[in-house]
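Residue numbers (the working numbering), protein chains in the order written: chain P, 1 to 257; chain R, 1001 to 1248; chain A, 2001 to 2605.
Don't take each hint at face value.
One side only, chain R facing chain A, incomplete, derived with CB under 8 Å [stated by the list, open to error]:
#1 1017
#2 1025
#3 1027
#4 1031
#5 1104
#6 1108
#7 1110
Honestly, the hints are just simulated from the structure, not real lab data.
The beta-carbon is built from N, C-alpha and C at its ideal position, and this holds for glycine as well.
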Amino acid sequence: MEQAASSLPPPARFGATDRKDNWWAAPLTVLIALSAFGVYATFRVVQNAWYAIDDTASAHILSPFYSPLIIWDGMPRWLSPGMLILWAPAGFRLTCYYYRKAYYRAFFLDPPACGVGEPRRNNYLGERGILILQNVHRYFLYLALGFIVILTWDVIKAMMWPDGFGVSVATLILLLNTVFLGLYTFSCHSLRHLVGGRIDCFSCAAMGQARHKAWKGVSKLNSSHMRWAWISLFTVMLADFYVWMVSSGVITDFRFF
Amino acid sequence: MSSTAQLKIFRGDRNGGAMVDYEVPRTPGMVVLDAVHVVQATQAPDLAVRWNCKAGKCGSCSAEVNGKPKLTCMERMDKYPEGTAISIRPMKTFPVIKDLVTDVSWNYAVNKKIPPFKIKEGERKYYQYEADRVQEFRKCIECFLCQNICHVLREHQLKQEFAGPRFLVRVAGLEMHPLDTEDRTELIKDAMGVGFCNITKCCTEVCPESIQITDNAIIPLKERVADRYYDPIRWIARKVFGGNDSRQ
Amino acid sequence: MEPRPTHQYDVVIVGAGGAGLRAAIEAARQGAKTALLCKSLLGKAHTVMAEGGVAAALANVDDRDNWKVHFRDTMKGGKYLNQWRMAQLHAQEAPERVNELEEWGAVFDRTKDGRILQRNFGGHSHPRLAHVGDRTGLEIIRTLQDKGIHSGIDVFMEFTVRRILISDGAVSGCVGYDREKGAFTVFNAKAVVLATGGIGRCWEVSSNSWEYTADGHALALWAGADLLDMEFVQFHPTGMTWPPSVKGTLITEGVRGEGGVLKNSEGKRFMFNYIPAMFKAEFADTEKEADEWVASVIAGKIPTARRPPELLTRDVVARAIHREVAEGRGAPHGGVFLDIATRRTPEEIKRKLPGMYHQFKQLADVDITTDPMEVGPTCHYTMGGVRVHPETQESTVPGLFAAGEVAAGMHGANRLGGNSLSDLLVFGKRAGEHAAQHAKRSAAHPRIDAAQVEECVKESLLPFERNEGENPYAISEDLQKMMQRKVGIIREDKDLREAIEAIRSLRERARHTKVGGNVQFNPGWHLALDLKNMLDISEAVARAALERTESRGGHTREDHPKTEADWGKVNLVMRLRDGNITLEHVPLEQPPAELKALLEGELSH
Chain P
1 MEQAASSLPP PARFGATDRK DNWWAAPLTV LIALSAFGVY ATFRVVQNAW YAIDDTASAH
61 ILSPFYSPLI IWDGMPRWLS PGMLILWAPA GFRLTCYYYR KAYYRAFFLD PPACGVGEPR
121 RNNYLGERGI LILQNVHRYF LYLALGFIVI LTWDVIKAMM WPDGFGVSVA TLILLLNTVF
181 LGLYTFSCHS LRHLVGGRID CFSCAAMGQA RHKAWKGVSK LNSSHMRWAW ISLFTVMLAD
241 FYVWMVSSGV ITDFRFF
Chain R
1001 MSSTAQLKIF RGDRNGGAMV DYEVPRTPGM VVLDAVHVVQ ATQAPDLAVR WNCKAGKCGS
1061 CSAEVNGKPK LTCMERMDKY PEGTAISIRP MKTFPVIKDL VTDVSWNYAV NKKIPPFKIK
1121 EGERKYYQYE ADRVQEFRKC IECFLCQNIC HVLREHQLKQ EFAGPRFLVR VAGLEMHPLD
1181 TEDRTELIKD AMGVGFCNIT KCCTEVCPES IQITDNAIIP LKERVADRYY DPIRWIARKV
1241 FGGNDSRQ
Chain A
2001 MEPRPTHQYD VVIVGAGGAG LRAAIEAARQ GAKTALLCKS LLGKAHTVMA EGGVAAALAN
2061 VDDRDNWKVH FRDTMKGGKY LNQWRMAQLH AQEAPERVNE LEEWGAVFDR TKDGRILQRN
2121 FGGHSHPRLA HVGDRTGLEI IRTLQDKGIH SGIDVFMEFT VRRILISDGA VSGCVGYDRE
2181 KGAFTVFNAK AVVLATGGIG RCWEVSSNSW EYTADGHALA LWAGADLLDM EFVQFHPTGM
2241 TWPPSVKGTL ITEGVRGEGG VLKNSEGKRF MFNYIPAMFK AEFADTEKEA DEWVASVIAG
2301 KIPTARRPPE LLTRDVVARA IHREVAEGRG APHGGVFLDI ATRRTPEEIK RKLPGMYHQF
2361 KQLADVDITT DPMEVGPTCH YTMGGVRVHP ETQESTVPGL FAAGEVAAGM HGANRLGGNS
2421 LSDLLVFGKR AGEHAAQHAK RSAAHPRIDA AQVEECVKES LLPFERNEGE NPYAISEDLQ
2481 KMMQRKVGII REDKDLREAI EAIRSLRERA RHTKVGGNVQ FNPGWHLALD LKNMLDISEA
2541 VARAALERTE SRGGHTREDH PKTEADWGKV NLVMRLRDGN ITLEHVPLEQ PPAELKALLE
2601 GELSH
C-alpha cells in the first residue's frame, strides 16, 4: 500500500519514545548479565585448569564446561578440552529463540525496547540475511540432547566415591545443574516442533495421541523457556565455579554421606 | 469526587499536528476512552477517535497511552497517578487520518493475500484438544496493536516485505487447522516475510487478548519454514522417501 | 450542480455485521456486482459482541432436538407474535448455515465425539447454541469477513448512508458520506439490503455501540417502507451496573447457562417467584431440582430434572430483576447479584467464560471466580424493524431488502438468546440471494433523481452553516435519559405521552445543533446527523408502545399488566406519509394447521 509521504515517521533517533517507564533497565540487565557470563566462560575455558575434582578421596567431579573431557597425548598446550566441546552448548544458546530475543534487544538494540527508537533504521534484514543461519538451532538441539545424557552420567559418577555411594555438595550442584539444563533443553521451541508441533491433525496422524501428549508436555515447559534459560545459565556457572574453588583448594567439598 | 485528570491528546491530520492539553474530571472505574469521550462531549466535538464495543472485544480504540500501545477502552485511568499528564497518541506505525484515527487499510490489503481456508473432503470430525491450539489464534480482535509495535513495521517501515504479527497469527490459525488442506509455507517465507521477524516479542507483550504470538504462532511457523527450506536432513529425506514433509 | 461521484452496483448492502456480510457473500455468489458499505472498519460491527452462541437444531448434544422444537421455542419466546413463516424458515435453515460456517473455517467448541458442541440457553428446550467460549460473535464475523474478502465484494469502510434513493416507486440506490473525508458519494443500485442492526443508542443504559443509531430503521421509514412491532425492545437482564464507565456492558447469558444463579440482597434465589404460568411445566420449582439439572448438564448427561428459572426468557428475567430492585432488594449499584463463583471451579469459569472473567477483573476489579457480579437490565436488541416478506426479505418498497436486527417479524415480542446469530445467517443469506435475483430481473440501472441527492447533501451540511447552536452530545444524552425513564423496561400511558412530547422538543433542538471543525472525520457532525434517525425511531417506539395496551414479551405496561388474547392477533405497522408517522393495526398471519398443532400441543400446558 502507498504511504503518504507526510506520514513517514521522523528520522531515526535512538531512544525516542513517549514511554515514561525505565524501558532501558531490562536490556541493560541482560547486557551486563550475558557479558559477565561470556567473560567468565571464556576465561575458564582458556584457563585450562581446575576443572575437575579428582583427588583419590573424592568421587570424580567434572565441571560442565569440560564435559565430556577430551584429552589425548600430545594435545597442544593452547588447546583446552573445554574449547573442543563448549561450542555445542554455546551454539545451542546462541541460536536459541529466547536468547535471540534477548541479545537482539540488548546488544543489537533492534529494538532496545518496545516502542523505543532504534539507532539504525535502514538495511534491516531481520533473520533473512546472514542470520538465516539461526535455523541451525535444531541441530544444536540434537547435540544438546546428547549433552544431557553425558551430564547425567557425570552426576552418576559424582555419586560413585572410592568407598561406594556418596553425596556431597558438588554432587548436588551437578545434579541441580543437570536438572535445569534438562528443563532448558526440553523446553526448546525446536523440540516442541519436532515432537508434535509440526502436526496439524493429531487425531489423524500416526501415534497422534502420544505425540499430542508430548507436544503438550514440551509446550508447558516451553512457556517458561526464558526462566530455564536464565536459571540454567546460572547453575552451569555455579557448578563450574564450585569445581574451580574446590579443585584449587580454596574450599573443601562437603560430603553429606 | 473532585479530582481531575490532565490529558495531552494528539490533534492533527496527515499534514501534522500537536499535542493539546485537556482536563477532565476523574470518575470511578474510568478508562482512557471515557476521558477522551468526555473531552469530545464537552470541549472538542470534532475530536476523532474510533471505538465500538467499549468492552475490549472489537479492537477499534487502539492508541498509544504514555507511549505504550493500548486498547483505550480497557485501560483504567486509575493506573496513572494524578498530577502528571497522560499522553494519548494515534498508533505511530500507520498514517494519521485525524487525531487518534489512523489509516489501517494496509492491514486489510495484507489479509486479502492469504489463501482462504480449504476444507478437506470427507469426515469432518476433530476434537477440542485440536481446536484449542487454533482457537487461541482466533481470539484475535484485529486491534493492530501488534502491527503497531512491531519494530519491523514501526521503525523499519517494511510494509511491502513483511505481513506483521497479526497476519502470521492468522495464517498460523489456518495452517494448524486440522481440516485445512491449503499449503501456505512458501507464502509465509516469501510474501509474508516471516524471516524479518527477529522474535523480539513486542507483539506478544502488547496483545490485549494475551495471544502468545511469538511462541505459539511465529516460532512454530519459522520451524515449519525451516523444515521445508533450511534443513538438509529433511531435504534429503524428502528426496529419498518422497512426499512433502509428513504433515498430515 | 456539481456531479456527485457515483458507483454502479447490482446490489448494495448497508452494514457489515453478520447479516450484511452473509448477504454480500450470497449476492456475490449469485453473480451480482456487490458493494458492502459499513460505518466502522470491517470486522468491528456489533456482531463481535455476541457472546453466548448461535442457535441451530443440530441435535449434536441432545438428539431429541429438531427444527420443530426450535420453531416452537422461538414462537413461544416471542409470545406467538412472530411471523410464523420466518420462524419456520429460521429453524429449518439454521443448522445448514452453521455447518456452512464450519466449512468456511469457523472453529466451534467440540463435543467429545468431535462435532460442534452446543450449550443451553434461556428459552431453548435443548442444548442448542453452537459456540466458541464466550466469543461466538467474533468467530462468526471473522469467518464471514475472511470468506467475504475472497468473494469479489467491494467494501467501503467507514461510510455512512444518509438516504435511500427512490425512483418510480422503487429503489434506485443510496447516498452517503465517507467518514474520513466527509465527501458524499452516490451508489446507483438495483437493490439495496439494509443490515444496519438496531436502535440501542436511543437508551441511556445500553449494551450497544455507537453504531446502533437506528440508521436502517430510519432509512427504511424515510424511503416509505413499513416498520413492524416497534414497541418490542429487549432489555437484556444482565448488564454490568458498576462502575459507571461500563454501565450496560453485556454479561453473557452463558453465565447462567453454565450454572450461574441470580440472588437478591437477602441472598435469595428470587427467580423461583417469577415463573410465568406458561412455563411452569418446564422449570424447576426447587433449588434442589434446579441444581440437579445443572449437575447433569455439567456431567454431559441429558438432564431429567427441569431447568433452573434463571434460564427463563430474557423479558421475564429482566422484569424480575427490575422488580427486585424496585422493591428494595437490590445490590448496592442498582442491580442484583449473579453468582457463578460458588457454582463452578475457578478453572472451569476461566475456561468457559474467559471474556467475562477478563472483563470484570479489568474493568470492575471483581474476580468472578470468587465474588458475585452485580447485574441489571440493559437495552440490548429490538425485535421491531422493517416489515419484510418472510421468504425474500424484501420490504414494502420494491428493491429494498432488510436482514438481521433491522428486519422485524422473526422474533415476535421477544427474542431468544442465540436466535440473533442464526437469524442473521439465515436471513442474511436469503436477503442477499433475493436482492441479487431482483437485480437480475432489471436489465438497466434505475435512474437517479439528482434532486433527492442534493437535498440530502444540503440537509446534511446544515450544521456547519450555523455559528450558534447546541452541542449534539447534549441532545443525544437528554434523549437517552428520557427514553430510559419513560420508554424503558416498564412503561405507562402518562410517561409515553410525555416521551412523545419530549421527542418533539428534542427534535426542535436537534434542528439547531452546532458542530465545530470541518467535514473530515468529525464525530460531532456524525452525531448531529444521527440524531435525526434516533429521534424519528424513538418516536415510533414510543407511539407503538402507547398504542399496545397490554404487556407481552419485551413490552411491559404498568397500567396494562395482562397479556390480552386480542392483542395477540395484531401487529402494529408504522409508515411515513406526508411527513407524519402513521400507525396501523394489521392482523397477525396465522400458521397453517400442522404448525399450529405444534404450538397448540404446547399451549395446552
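Outcome of the hint check:
no., hint, verdict
1, 1017, "13 Å, violated"
2, 1025, "12 Å, violated"
3, 1027, "6 Å, holds"
4, 1031, "6 Å, holds"
5, 1104, "7 Å, holds"
6, 1108, "7 Å, holds"
7, 1110, "11 Å, violated"
Comparing the model with each earlier hint shows violations of hints 1, 2, 7; every other hint is respected.
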